[in-house]
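Trainee: The primary structure of each chain is shown beneath.
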Amino acid sequence: EAGVTQFPSHSVIEKGQTVTLRCDPISGHDNLYWYRRVMGKEIKFLLHFVKESKQDESGMPNNRFLAERTGGTYSTLKVQPAELEDSGVYFCASSQGTGGAYGYTFGSGTRLTVV
Amino acid sequence: AQSVTQLGSHVSVSEGALVLLRCNYSSSVPPYLFWYVQYPNQGLQLLLKYTSAATLVKGINGFEAEFKKSETSFHLTKPSAHMSDAAEYFCAVRSGNTPLVFGKGTRLSVIA
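Those protein sequence lines, which keep their order, are chains A and B.
To convert, note that position 13 of the first sequence is 13 in the working numbering; the numbers rise steadily by one, no gaps.
To convert, note that position 90 of the second sequence is 90 in the working numbering; the numbers rise steadily by one, no gaps.
The list that follows gives simulated cross-link-like pairs (lysine-lysine, DSS-like), each with its CA atoms no further than 27 Å apart:
1) B:K69 x A:K44
2) B:K49 x A:K51
3) A:K41 x B:K104
Hints were generated in silico from the structure; no laboratory data involved.
Next comes chain B alone, as it looks inside the complex (with noise of 0.2 Å):
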């Protein structure tokens, strides 16, 4: 069975400050991995997704996530953060053609 661990429900940092949401992974083979967004009011927005071809992934808005085998995680990071990231995020999980198995989100506030 897959599952999903996001350390932190909230996190909180000041405006220009560097964004590292963590997000530890099990599955007992290859995995997919992804990470979704959700705006105030909106749906689920694919952020990027690790599909086993290079390990650190860019996606949208200036964030990306790097995969790392040894210690099963896929964090999300961005180098500033802007108030328009303000939002939960979520990491996401599959294997071959099993459901997205979601974790709990981590909701991220930015101070001006």
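Excised from the complex, chain A in its bound form (with noise of 0.2 Å):
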């Protein structure tokens, strides 16, 4: 099976514009949740989708994160206007079910670099 595809792999935009990170999970996950590792410090999370509905974004860090997820299959997450400090490698992950059990199929990750 395909697994959890991000895209793009790596961002470099200037501080003010917009990015809008894209992730595909596996066929069938319902769940989906997004990550994100500032450097040098461990891997945080964001936010969890359960099909099209936000189950916890508790770990968004402001609102100038938005992240969607119609029809239940993809994901984007937008970020405007970036700043500095949110540089970092975003990593989006799937699981089939909600249970403390199900580990994570994570993607490669999105390298946001702010200038």
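The two chains are supplied separately, each in an independent frame; assemble them into the complex guided by the hints.
Mentor: Here it is as structure tokens:
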């Protein structure tokens, strides 16, 4: 089966610009997660979708970040306007179920650099 | 709240030597524990997971981890390191339906 696909793999933008990251989960996986790793720090949870609904968005840093998952398939994460501290690697993951025993399958990540 | 502590941000071993990466967790309810690996320029790959069955869990590439409730630990081991094991390793915990919580990661270097 195809894995989790993220696009683009790298993005360099200027402060104040807008960037949209995309994630295609494994087909049939209702659960989709976004995580972020800022340089030198741990991987932090951003939010969780179940199908098209936001189950948990407690990790979203501020209202410059907007995540959507229209139709319960792929998801986008928009940063508008981008700030320098938004630089990092953004990971997407999907899982079949929400139970604790389910591991996540991660994508390769999008490395975002804001200059 | 759950948390994970990985002791040592960087571990260096000789090729053929034992690999031991330490992970201690904190959870108020029975946890599910995971080890992920990230090779250079790649995503996170699941190595193994503990889901309350056997306390000794075997994973891919010869790695294994033992869940010790009394010590709140889930250390990752491999008897003999290969050059290809050089990567960053992440311990993670979750319980119930909560999202995965990661440790800060341990970078493993393997010296020829």
